[in-house]
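**Student:** The sequence shown begins at 3 in my numbering and counts up by one.
Warning: the hint list may mix true and false statements.
[Stated by the list, open to error] Each computed EDC-like pair below joins lysine to aspartate or glutamate, with the alpha-carbon atoms no more than 20 Å apart:
| # | residue 1 | residue 2 |
| --- | --- | --- |
| 1 | LYS41 | GLU54 |
| 2 | LYS41 | ASP57 |
| 3 | LYS41 | GLU65 |
| 4 | LYS41 | GLU52 |
Calculated directly from the structure, the hints in this document are not laboratory data.
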Amino acid sequence: MTNVVDVDWKLRLHRWFDALIPARGPSWNEAAAFAREIKSDLHVTSDPAEIERQDIALRVAMETLSQTRPYLEALL
């Protein structure tokens, strides 16, 4: 399963590397339900190649939406 990894800083302890703790982000299967609002044909999977393919397709869909937004706002 592929996860998104971030780093959390805790209470001004950022000066010491041991203050870094890994934060587990959502898996593809957890994010897919929300991502379907942008691209309806996305589905859950545990195949890393399929996750990457869907991730690329989602990014393309998001880029298309971001380019369409100014045009739609101008119509309002």
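**Student:** Go through the numbered hints given earlier and state which of them the structure violates, listing their numbers in rising order.
**Tutor:** none
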